[in-house]
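Top line first, the protein sequences correspond to chains W and P.
Everything in the first sequence is counted per our numbering, starting at -18 for the first residue and increasing by one.
Everything in the second sequence is counted per our numbering, starting at 708 for the first residue and increasing by one.
Accuracy of the hints is not assured; some may be wrong.
[Said to hold, decoys possible] The list that follows gives simulated cross-link-like pairs (lysine-lysine, DSSO-like), each with its CA atoms no further than 30 Å apart: (1) P:K859 <-> P:K964; (2) W:K102 <-> W:K134; (3) P:K969 <-> P:K739; (4) P:K744 <-> W:K102; (5) W:K102 <-> W:K182; (6) P:K964 <-> P:K889; (7) W:K122 <-> P:K1002; (8) P:K744 <-> P:K905; (9) P:K739 <-> P:K924; (10) W:K93 <-> P:K808; (11) P:K739 <-> P:K859; (12) W:K122 <-> P:K930; (13) P:K930 <-> P:K1002; (14) P:K739 <-> P:K930; (15) P:K832 <-> P:K859; (16) W:K134 <-> P:K739; (17) P:K858 <-> W:K171; (18) P:K808 <-> P:K832; (19) P:K930 <-> W:K118; (20) P:K964 <-> W:K164; (21) P:K1010 <-> W:K118; (22) W:K140 <-> P:K859; (23) P:K711 <-> P:K889; (24) W:K140 <-> P:K808; (25) W:K166 <-> P:K924; (26) P:K832 <-> P:K893; (27) W:K122 <-> P:K711; (28) P:K865 <-> W:K164.
It should be emphasised that the hints constitute simulated quantities derived from the structure, not laboratory data.
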Amino acid sequence: MTATDMSPTEKYRNNFLREVEAHVEEGEWVKMCMQCGVCSGSCPLGNAWQHPPQELFMMIRASKRDEVLASESMWMCTSCYNCITRCPRGLPITHIMHGLANYANRLGLAPKMNPTRRFAKIFWDNIAVTGRVNETKLSLKLYFMDGVVTGVKRAFAMKNVGLGMLRTGRLNPFALFRPGGIKGKRDLQKMLARAYDIEDKRKGFN
Amino acid sequence: MATKEYSFYPGCSSERRSSASNYMVSVNTMCKTLDIKLNEIPDWNCCGASIGYADGGELPRHVMNARNIALSQQHNAGQDIVATCAACWLGAKESVERLSKSEQLLADTQSILADVGLKVDIDEKTAGGVRHMVEVLIEDFGYDALAAPVKKPLEGLKIAGYVGCQTNRPFGIDGESFENPKYLDKMVEVMGAEPADKYEQKVTCCGGALAFSEPEKSQAQIKDIVESAYDHNADMIVTPCPVCQMNVEVYQENINKTYATKFDMPVVYYSQLMSVAYGSSAVDAGLDGQVIRTKKLEAIANK
């Protein structure tokens, strides 16, 4: 068996750092972390992370593959870019967090029920088909993702928000029945399918 | 001054009957006064936003942005791209930066674009041509030029400038500090209002997309942002970002229930302040699109 035939797990056994460097967006920066903790202290949802970024970097170097990839932590990133602008070593931390979340997701190791992971999927499915966000469908799909009963409860809790947006012309009830989107949606779908295909090959997903 | 033209990337939330349609109304009004011509990129698509990474990965996201850049170069050749939405600006600029630094990503992108008859021209300078509307106002016009058309100074209003995240980080506006950017306060000042210049929550994150998926955590952030505006006796909050505007405005009633607060703080866009100061009606400033009505600004518009 040659190195290229092996699955990522086998190829990088006990060397998760190398796997991250090869397959995770901006992963080659991880080794530069000096464990100062400014990122963790700067994160708006910092106390909600089981393992804040600085800790994730150390866990990657300690080859804690399962703990890192199955972690809810990266899914707490709000993309505020505080950590990026403050990191004394210039690590693109936000992008690395996005990259880890994406990698875990593509490998099927991300926590299944994490609400941000589920919302991200609903969002991407929403834009990838038509080319533009359909906000009405996006909100309703999110509220009803756990079935009708929970959905009605959620929608009821948020009814003042929805009614306010409706009243001020910032929510379109008819968008629910119209696909909308761009004229070149077929082209876009074709482009995305090929982009996935190329990225899968480059990152060894297939 | 001669008309200034830009290639315009409005973004999904600016569409009719979408969450930032009131922003778009006021941008059009403001641009009319400043003689800015916005040439919309034909058939533009979503930038992938800040949550697109999870399922969009790298190449698919960059390809989405590259399509917009290619269409802009084809139809609005030589014009800077201007976005009014923070996420659109960030997404497009970030993709251009990444593509300009990676030969492989760029080659893959070109080959995918070629399938649909498109081609993108990207070098190190292209990212500088992807700009936020606020950048254009400050760098291409300047505070004096923005002050010149003011007909109704916003006298007696105290306004908290909430800059938020993505209009500020990681790229920044006009070389200002990430921790305490002053441009929004200066814009408030040239419109004749008083900035709440000690407003300490000006760059706090509202939770962004996590307002949907982690509402409690996000609303705790928003509570601080609104509370601080009250602490500084602000009449309203102003912001340059559609996600900030929506999050900080529409969840106040939910926050009141959770925290027993009595928040009723209007949240407007810089372009709405400018439209009113330039003499527009409340409707042309998009003020009928506020979930929390801003009566003091409406009163000036109706004067």
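Hint numbers contradicted by this structure
1, 3, 4, 6, 7, 8, 9, 10, 14, 15, 16, 17, 20, 21, 22, 24, 25, 27 and 28
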